[in-house]
Amino acid sequence: MAHTRADGSIIQKQRPAMNELNRGVWTAEEDRKLAETIGIYGAKQWTIIAAKAELNRCAKSCRLRWMNYLRPNIKRGNMSDQEEDLIIRMHKLLGNRYESNDIGLIFIGLWSLIAARLPGRTDNEIKNYWNCHLSKKKLDKGTFNVAGISTQEMRPKSEQTGEEETIIRPSNSSSGEQGSESVFDVNDFFDFSNEKPSTLEWVTKFLEFGSS
DNA sequence: AACAACCTCAACCGCATCAGA
DNA sequence: GTCTGATGCGGTTGAGGTTGT
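The opening position of the first sequence corresponds to residue 1 in UniProt numbering, with each subsequent residue numbered one higher.
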């Protein structure tokens, strides 16, 4: 079974078949059938798509393949510094903060929230990138320092000094204004107006928690 | 050249949430 | 209000690739 990598090279991969459903790597023919079916029925009703495509794949598998690989405008290749910076910022602000509180809503939609703000990137890709590159970088150094901003400096002042503060101060601005009040405002940075209600509620709780 | 260790990333799994009956 | 199937998410796996010795 062949599979195409992001750079166009072919890899071979196979998992043992379970039940009567096809599993493992998608073939070019399966991709073609799936794309064709989605072209007819749209990328929404996955149980119908899975049945109509006659791929012997479950709906979840079809959805995953479309979302992570076949979907138009998927951007592949290395993450830019800006993209990496954004991932780190958002993970720092959303992910780690929620690890340390007791609201009980940990990491809900984190990767998809980040992916939504990185056009062409998938949540799976960002998650993989974090696990492979960034979390390791964090472990190695204790802090990040991407695009001139370390996560120590990204921490709300309240975490650093115990004072009340919800702003983040880049260590050096591009304008070269040493020590200027170039404030990173969480409310400006995150526009969640298009998120579904449950996510919006979660973000609201998060922001309320961070500022209380 | 051969082997081992590590890295990458597509795909699967289990669970939570959503939406419609 | 409840039930049930569909959908979406993060965590994890594991085969193939890459790098180091």
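Derived by calculation from the structure, the hints in this document are not laboratory data.
Don't take each hint at face value.
[What the hints assert, rightly or not] Computed list of lysine to aspartate or glutamate pairs in EDC-like fashion (alpha-carbon distance at most 16 Å, straight line):
1) Lys92 with Glu54
2) Lys52 with Glu36
3) Lys127 with Asp85
4) Lys60 with Glu84
5) Lys52 with Glu30
6) Lys60 with Glu30
7) Lys52 with Glu29
8) Lys33 with Glu84
9) Lys33 with Glu54
Hints and how they fare:
no. : hint              : in the structure
1   : Lys92 with Glu54  : violated, 43 Å
2   : Lys52 with Glu36  : holds, 10 Å
3   : Lys127 with Asp85 : holds, 14 Å
4   : Lys60 with Glu84  : violated, 28 Å
5   : Lys52 with Glu30  : holds, 12 Å
6   : Lys60 with Glu30  : holds, 15 Å
7   : Lys52 with Glu29  : holds, 15 Å
8   : Lys33 with Glu84  : violated, 34 Å
9   : Lys33 with Glu54  : holds, 8 Å
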